[in-house]
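*Asks:* Here is how the chains run, residue by residue.
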Amino acid sequence: MTQKVRFLTQHSFADNWISPSPTAVFDRFPSHRVVLNRRPVADWSKVLENRFNELTSLRPGWDGYTGRPVSFACARFAADLLQRLYEPDLPPPSLVPGSDGTVQIEWHLNGFDIEVDVLAPYNVSASRYNCATEQFEEVELDSDFTLLSDWIGELKFQTSVAIAVGA
Amino acid sequence: MSRPDYLADYREPPLDEVVMGVQFTPIQGYSSVHSYQVWQLFAEEFPIVEEQPSLPPQLEIFGGHNPSPGLHLQFGGPQSSRLWFTSADGSHLIQFQPDRLLLNWRRRVEQVPYPRFEQLLSNFLNKLEMLNDFVKSTGFDGLNITQVELNYVNFLPVGDFSEHPRWLKLFGGFPSDIESANASYAQIMFKDEGQPFARFRCQVNSAYGFDGTSKAYQVDLGVRGRPLGGGFQHVEDFLEMGRDKIVSTFTEISSDEAHVAWGRIK
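One line per chain: the protein sequences are U and X, in this order.
With our numbering as the guide, the letters of the first sequence map in order to residues 1 to 167.
With our numbering as the guide, the letters of the second sequence map in order to residues 1001 to 1266.
Think of the hints as simulated: they come from the structure by calculation, not from any bench.
Incorrect hints may have been included.
[As the list claims (entries may be wrong)] Here are the simulated EDC-like pairs of lysine to aspartate or glutamate, each with C-alpha atoms no more than 16 Å apart in a straight line:
{"id": "1", "chain 1": "X", "residue 1": "Lys-1245", "chain 2": "X", "residue 2": "Asp-1220"}
{"id": "2", "chain 1": "X", "residue 1": "Lys-1191", "chain 2": "U", "residue 2": "Asp-142"}
{"id": "3", "chain 1": "X", "residue 1": "Lys-1245", "chain 2": "X", "residue 2": "Asp-1005"}
{"id": "4", "chain 1": "U", "residue 1": "Lys-156", "chain 2": "U", "residue 2": "Asp-89"}
{"id": "5", "chain 1": "X", "residue 1": "Lys-1191", "chain 2": "U", "residue 2": "Asp-113"}
{"id": "6", "chain 1": "U", "residue 1": "Lys-156", "chain 2": "U", "residue 2": "Asp-113"}
Only chain X is shown next, with the shape it has when bound in the complex (with noise of 0.2 Å):
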């Protein structure tokens, strides 16, 4: 797999995480004694292990009213653990829960360049297939996926949040002393045919930083929805368009100014 040429892209993005990952229905008969021998396909590049709490079902579906600020429905579910297997230097993560595989990227190690999504992009898929195949190793059926997702998380430094049109071409002005500002919005994808099937989000935060003063904008871009057929090709062919609409977002709402700084090579 290789990177289009028609998509932007820079020396020194501001990029701060990644994440992509699956949702697939519940294997069956798993159980926390399973939990050792999951870890131990991804043991040798993740020897650290936490556990953290299960994250419910996240599946994008269309059609009647958006449900904020109307009905939340929130009760009992699953009683597992969400497990996180962390490398030695802590930039890469696998989280893991009997429905869910996901794998992250962290910027915690400055002299570790971002690795680019084409090699995040074959690691994931190899995990896919290592669990795929570990699960239809038990006796059961492979893992049926429901859903797949991408994340972009950006961290823009300023010195004070009224700088953001130096950055940012999402707001209009604003007066300065600004203690934060906030804005998001969602747009629906759709099938060559017009059928719905995924959701882009871009959500812009103000932040500070762990010193309380230090202030940035941070920038989440994602999409989630259906692959389009069974089969992990179609896991990497969400992944890749997802990449292509959040890279291409992410260049058309920032500045010139912002292209620059990050080193735009096309």
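Here chain U stands alone, though its shape is the one from the complex (with noise of 0.2 Å):
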């Protein structure tokens, strides 16, 4: 039998440390014990690859005039961009074909909206209006993507709350 070897690697640090329950988030809310549904990997790689798909494959007058098919440098940038914003506790978002070959990635959700636009690898756009306070952001972005990671960090916090208060 192969013995395994373990090493000082990121992948033996996360088995070395115990993962938070589901319901870790809701102790503060000890009569609230929700469980909340984690969306597993697969839901989200099944939408994302085939509406990825259908993008990038779309006929070219598209929309009626001169829509081209999301180009493939795009829609590839996007998906790597996602990857490192999944998150489990939410669902896929939307992804919207620009006539131009762009991608445009969105959630609207639990009083939020966050539209990300992908318009060429390293040159994406983004904002996140707030219909509460009718707050709007907009960032141009490059290869650094903190900040949108912070928005959907927030966006989760936002309906794991709604979802505690039974909202």
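With the hints in hand, could you dock these two chains into one complex?
*Replies:* If you want it as structure tokens, here you go:
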């Protein structure tokens, strides 16, 4: 039998840490022991892969004018970005084609609108609108998506709070 | 270009392969009918042609979560091929596809020594200029470089995998009779202003020779990321920075005994 050797890699750190249970977020609401339905990776994979295939295969003129299929370069960059933004507690985003071969990633959830326009690899425009406060933020991003990840994280928190209070 | 004085140097490094290259926005209007013209740019030095499956874009991005072992999205891509243009002795290889150009040196002929980084870099930049001139001659904009990468592949022969402490400082003690051993790590590299722009990766894997019994450790070291500006000077700067990082790290993770065996000069 092959002896598996463990090393100080990110994977062994992951093995050494005990992952918090799905209910850990809700310890502050001891009277509402809610188990959040974590969407498995397969949900996101199936939905998004099908959609990316669809968008990169659009017929020229798909919009009734001069619409082009989403370029593979844009689609691949958007997919790589989503792999880093993946949150199992959120539904997969909508993917919307631009007529110029670009793609937009959108979440409309719990009073927030987050839209991420992938114009080209390393050329991304992201916006967030808070429906309750009417606050609008917009940023241009190229390779560092920490801010966008924070927005998604806050969206996840809003989702979990909504469930915990029975919204 | 010359080797920095502060950088370690070895008479006989255990280097087996060097790959340097760039990714760029897909060449507008390129189709398979242009592949012969591209080959003709390099045919005198690289007369042998092979066709391989194309590689997907590999662009470093930062922030969010490490994607492994989470979501991995796979979907269909462009139908172009990756072309291999190989030198007659097999030691040098150009890899071309409509969004990528790579130059490989491979230790295929023992009598042909490692040509050294500076010579490879000069050769690669020359090929990149030739490709860029060709693209512009067809009426399109020049290459828009989005990514630069440099990889060094080393093989460290061992009698048994438990010998690793003689060569590498990465592992702790092993019992004998290990069948395999592997380790890897990644580091984000930052600009002076603090923004991430590249990743360094180190991967160590136990390996068997084609005879099924000889053993070695394969040590892969690579840097990939965005050049800090447009123009081929920034490509050159990135590759020199990558070489510095790779050689410095390899010296740091390898033992004093290894340095003696490889003929460390400085």
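*Asks:* Run every hint past the structure and note whether it holds.
*Replies:* Consistency of the hints with the structure:
Our distance criterion of 16 Å between C-alpha atoms is met by Lys-1245/X and Asp-1220/X, whose separation comes to about 13 Å. For the given pair, Lys-1191/X sits about 14 Å from Asp-142/U by alpha-carbon distance, which is consistent with the 16 Å threshold. For the proposed pair Lys-1245/X and Asp-1005/X, the alpha carbon gap of about 14 Å is at most 16 Å, so the pair holds. The suggested pairing of Lys-156/U with Asp-89/U holds, with an alpha-carbon distance near 7 Å, which does not exceed 16 Å.
For the hint linking Lys-1191/X to Asp-113/U, the alpha-carbon distance of about 32 Å lies beyond 16 Å, and the restraint is violated. Restraint check for Lys-156/U and Asp-113/U: satisfied, since their Cα atoms lie roughly 13 Å apart, inside the 16 Å limit.
Of the numbered hints stated above, the single one contradicted by the structure is hint 5.
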